[in-house]
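In terms of my numbering, the sequence shown opens at residue 365 and continues consecutively.
There's no promise every hint is true.
Unchecked claim - Quick list of simulated restraints, FRET-style, between CB atoms:
{"no.": "1", "residue 1": "Asp388", "residue 2": "Ala729", "range": "50 to 60 Å"}
{"no.": "2", "residue 1": "Gly465", "residue 2": "Asp725", "range": "40 to 50 Å"}
{"no.": "3", "residue 1": "Pro522", "residue 2": "Glu573", "range": "32 to 42 Å"}
{"no.": "4", "residue 1": "Leu488", "residue 2": "Gly569", "range": "39 to 49 Å"}
{"no.": "5", "residue 1": "Gln509", "residue 2": "Pro583", "range": "51 to 61 Å"}
{"no.": "6", "residue 1": "Glu650", "residue 2": "Arg720", "range": "39 to 49 Å"}
{"no.": "7", "residue 1": "Gln480", "residue 2": "Gly756", "range": "37 to 47 Å"}
{"no.": "8", "residue 1": "Phe687", "residue 2": "Thr511", "range": "32 to 42 Å"}
{"no.": "9", "residue 1": "Arg590", "residue 2": "Asp388", "range": "16 to 26 Å"}
{"no.": "10", "residue 1": "Asp724", "residue 2": "Phe687", "range": "27 to 37 Å"}
{"no.": "11", "residue 1": "Leu498", "residue 2": "Glu726", "range": "13 to 23 Å"}
{"no.": "12", "residue 1": "Glu676", "residue 2": "Ala510", "range": "31 to 41 Å"}
{"no.": "13", "residue 1": "Lys424", "residue 2": "Glu760", "range": "32 to 42 Å"}
{"no.": "14", "residue 1": "Glu412", "residue 2": "Arg720", "range": "51 to 61 Å"}
Simulated from the structure, these hints should not be mistaken for lab results. Where a beta carbon is used, it is the ideal one built from N, C-alpha and C, also for glycine.
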Amino acid sequence: MVAALTGQLVVPRLADWCAVWLEDEAPGRSDGGVVGGPRLARVWHGSENRMEELRRFLEKDPPQPPESARSGPVPVPWPAEALGPGAETGSALAYRLVAGGRPLGTLVIGRAGQEQFPDEITGLVEDLSRRVALAVGAARQYARQATISRVLQRGLLPGAVAEIPGVRSALVYEPCDKGGPSGDFYDLFPAGDGRWCFALGDVQGKGPEAAVVIGLARPWLRLLAREGYAVPEVLDRLNRLLLDDATETADAAARALVADGGAGLADEGPQTRFLSLLYGELVPVEGGVRCTMASAGHPLPLLLQADGKVGEVATPQSLLGVFEDAGYGCGTFELRPGDSILCVTDGVTERRSGHRQFDDDEGLAAALAGCAGLSAELIAERIRRLVHEFGGRPPEDDLALLVLQAE
Numbered sequence: 365m366v367a368a369l370t371g372q373l374v375v376p377r378l379a380d381w382c383a384v385w386l387e388d389e390a391p392g393r394s395d396g397g398v399v400g401g402p403r404l405a406r407v408w409h410g411s412e413n414r415m416e417e418l419r420r421f422l423e424k425d426p427p428q429p430p431e432s433a434r435s436g437p438v439p440v441p442w443p444a445e446a447l448g449p450g451a452e453t454g455s456a457l458a459y460r461l462v463a464g465g466r467p468l469g470t471l472v473i474g475r476a477g478q479e480q481f482p483d484e485i486t487g488l489v490e491d492l493s494r495r496v497a498l499a500v501g502a503a504r505q506y507a508r509q510a511t512i513s514r515v516l517q518r519g520l521l522p523g524a525v526a527e528i529p530g531v532r533s534a535l536v537y538e539p540c541d542k543g544g545p546s547g548d549f550y551d552l553f554p555a556g557d558g559r560w561c562f563a564l565g566d567v568q569g570k571g572p573e574a575a576v577v578i579g580l581a582r583p584w585l586r587l588l589a590r591e592g593y594a595v596p597e598v599l600d601r602l603n604r605l606l607l608d609d610a611t612e613t614a615d616a617a618a619r620a621l622v623a624d625g626g627a628g629l630a631d632e633g634p635q636t637r638f639l640s641l642l643y644g645e646l647v648p649v650e651g652g653v654r655c656t657m658a659s660a661g662h663p664l665p666l667l668l669q670a671d672g673k674v675g676e677v678a679t680p681q682s683l684l685g686v687f688e689d690a691g692y693g694c695g696t697f698e699l700r701p702g703d704s705i706l707c708v709t710d711g712v713t714e715r716r717s718g719h720r721q722f723d724d725d726e727g728l729a730a731a732l733a734g735c736a737g738l739s740a741e742l743i744a745e746r747i748r749r750l751v752h753e754f755g756g757r758p759p760e761d762d763l764a765l766l767v768l769q770a771e
């Protein structure tokens, strides 16, 4: 995009034609390293029927301005044979594109019928080349960060949700920031001994801080569940783990603050580790599924019975990572065929339309009641659609919901 815009700015105002080479960057490299040499990213000519021929000619011999040239212009051979009659002579200059001391490519301009460019033109293009280099550097930096975020996000979420005998599941997961780690996470996995466990969580904040908490919480949930701990015990131990991790982080920050004389760290504030979590265990039994679940500071799950009745199936409890002496309880009930559980994050309940929220006046329960008789997939899709339609603008928070339906 930067290369294309450069050509349109330069031609025909400053030159008859323009070409931009970019150094190919090694995929996944965070140091900005380049491989494979320069690539002709864009050719622009005042006459469109000359572009392709000029491109073929220029691709044969990429310009190589000397290192000492930095961003200043360097004469390059005139491509007479590619420009046709009337352009046998002319002047062409190459500018190195450098940002942060790193070579990013080369900008070449050409004008027919003159031996050299006027100084005011060369100076203007030199300034433009610096801006082009900064724009390319910024785009590549953003692309590297986006790639790292996508890889990190894939590592924080399960590759696939487990299939549970006698249970259909449907998931909607829509992070607000497509380029960074979400604060919401989910999991659905076998825990052994005929048990399956599920989790839907929301970390305070987003980005790297949220990723740290998710990277800590999700593996521990799986480990504790597979070790046979009951639902309340899993929450108790995860709460303790988050508190211990926050204490260690605070101690490390204090030591760094002292070692650094207080410079650069005073404004970072405490690194919180608060987590709202809905966690449960499913056991297929004769005639249905036994469900044991608990909510820790999370929007309460809703049960849609086959006859259309809707009600909450958990009690409010404190967030994880806040109180050392928090003791967590759970509730157990049976899902009969056709019964569905809806679990959501606050991106659903707190979706705004003006001063109103989606769950005001039990709006979520009313929406779920209208889903009686639908499959798990259709319930998830209808709730997702209603949430999107509720506000006039796109959601400003991560959105996740999980539907579990007994068959």
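Now for the hints, and whether the structure bears them out:
| no. | hint | verdict |
| --- | --- | --- |
| 1 | Asp388 x Ala729: 50 to 60 Å | holds, 55 Å |
| 2 | Gly465 x Asp725: 40 to 50 Å | violated, 60 Å |
| 3 | Pro522 x Glu573: 32 to 42 Å | violated, 21 Å |
| 4 | Leu488 x Gly569: 39 to 49 Å | holds, 45 Å |
| 5 | Gln509 x Pro583: 51 to 61 Å | violated, 24 Å |
| 6 | Glu650 x Arg720: 39 to 49 Å | holds, 44 Å |
| 7 | Gln480 x Gly756: 37 to 47 Å | violated, 58 Å |
| 8 | Phe687 x Thr511: 32 to 42 Å | holds, 39 Å |
| 9 | Arg590 x Asp388: 16 to 26 Å | violated, 45 Å |
| 10 | Asp724 x Phe687: 27 to 37 Å | holds, 29 Å |
| 11 | Leu498 x Glu726: 13 to 23 Å | violated, 53 Å |
| 12 | Glu676 x Ala510: 31 to 41 Å | holds, 39 Å |
| 13 | Lys424 x Glu760: 32 to 42 Å | violated, 51 Å |
| 14 | Glu412 x Arg720: 51 to 61 Å | holds, 54 Å |
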